[in-house]
Amino acid sequence: MRERLELETHIHALRRYAIALTHNVADADDLVQETLRRALDYVAPDAHVKDWRAYLFKILHNVRNDQVSRIARGIEPEPLAMADERACVLPPSQELHHECMRLAEAVDALSADHREVLLLIGLEGCSYREVAEILDVPLGTVMSRLSRARSMLRDAMARDIGDDLTDAVS
Amino acid sequence: MTEKVLLRMSDWLLQAYADDELPSEQSSSVERELNRRPELAASTRAWRDQAAALHRLYDHHLDTPLPAATRQLAEKLSSRLKCRKEVRARRWKVSAIAAMVAFLTFGLGLAGYQLGSRMQTLDGPAATFGPGLAGLHLAANSATATVIGPDLSAFGYELVSAAGPSEGTLGAVANYRSRDGAYLTLFAIDPQVAASGRLAFTEKRPSSVLIWHDGDELYGLVGDASSEMLDRLSRALNAAAPTLTAAPDARGEADPIVVVDKET
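Residue numbers (our numbering), protein chains in the order written: chain Y, 765 to 934; chain Z, 90 to 353.
Keep in mind that the hints were calculated from the coordinates and are not lab data.
Just so it is clear, CB atoms sit at the ideal spot from N, CA and C, and this is done for glycine as well.
Misleading hints may appear alongside valid ones.
Unchecked claim - Here are a few chain Z residues that face chain Y, going by a calculated C-beta distance under 10 Å:
1. 105
2. 108
3. 112
4. 136
5. 140
6. 145
7. 147
8. 149
9. 151
10. 152
11. 165
12. 169
13. 268
14. 318
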């Protein structure tokens, strides 16, 4: 029973991550469903999965990579780069609303490699080691990508504030 | 260059601190450094604020129900977990039964072994079996055995004990020992009688074995001797066989069936 509840929690987290990654609820749901289909194919009834969260995130990462690779080879049409408003809930306060919008856009502007690391650690609370395992990269790469992603995010947010100030003055 | 590397290292260290990746000792030392350098403390706060903002943006998806298709797949995967648990439970049961069977087998085997050992210490003909025999069970009527056996003293072996043949026994067994402590056991079995009974012999020490048949009889020699010596003995024993068994009419050369030497 506990294992099933944990699995359900992981699937909700997986969906949240997929939405943050794609910034589109429909794409995210497709991604999660394909991930679960693959998990059903891979996991035999008598198989032992030590860490379901890491396992599901790893499959999702592979599914996403396959999609990107198919798009790059022209097998699959590129999805419309349209952010889904349902993807994030913005606070009612005007100031916070604006800040969250900027953050969402800044995250979206990151490269996929940097966005994945930032979201897995910042949003999903994965350890560096877990992220290294999920993305199949060395630990140093995780730390380096995280540092870079945070810097880029900070710079993007600072730039937006600067633009806002310039707009206000002019 | 070195300064840049150090700067990067310190950046990574601060990040690891902000993400609770450092062991407590190292974390304490970073905290002390942050108290001295407020600009670094501001960086770590900014990273934590970024994470908090991400949660504000996306956490509401944790509370929204899963789409129907996702839920169906999730339930299938959950039932797979259930299956896995059942398989695990079944495996446990099988393991438990196997362990119990192994335990009982071992226990009964041990009891049988002890029983066998006790049988060898009982008073009577069986007790006279020499130390060369780890276990010998004549299936029928061994208590009526009488000491008989061919004379092998010419080969340095003295008769120590013997059993059979008599009515109801499967054959005869005679035990010999040499002056230097080597042992030798001779079996003479009537296959017609033995077919309806069971004669078992177990031996702990490495031994040479020679089995041969002659006419209707089957003979075996087991002992601390080379295969050449067993062969010589078997040929000599053929002449003595009438004293061991109900003498067959036709007697010829020994015809070895199996020779297993202890060196091989």
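Verification of the hints:
{"no.": "1", "hint": "105", "verdict": "holds (7 Å)"}
{"no.": "2", "hint": "108", "verdict": "holds (6 Å)"}
{"no.": "3", "hint": "112", "verdict": "violated (13 Å)"}
{"no.": "4", "hint": "136", "verdict": "holds (6 Å)"}
{"no.": "5", "hint": "140", "verdict": "holds (4 Å)"}
{"no.": "6", "hint": "145", "verdict": "holds (6 Å)"}
{"no.": "7", "hint": "147", "verdict": "holds (5 Å)"}
{"no.": "8", "hint": "149", "verdict": "holds (5 Å)"}
{"no.": "9", "hint": "151", "verdict": "holds (5 Å)"}
{"no.": "10", "hint": "152", "verdict": "holds (8 Å)"}
{"no.": "11", "hint": "165", "verdict": "holds (6 Å)"}
{"no.": "12", "hint": "169", "verdict": "holds (6 Å)"}
{"no.": "13", "hint": "268", "verdict": "violated (64 Å)"}
{"no.": "14", "hint": "318", "verdict": "violated (58 Å)"}
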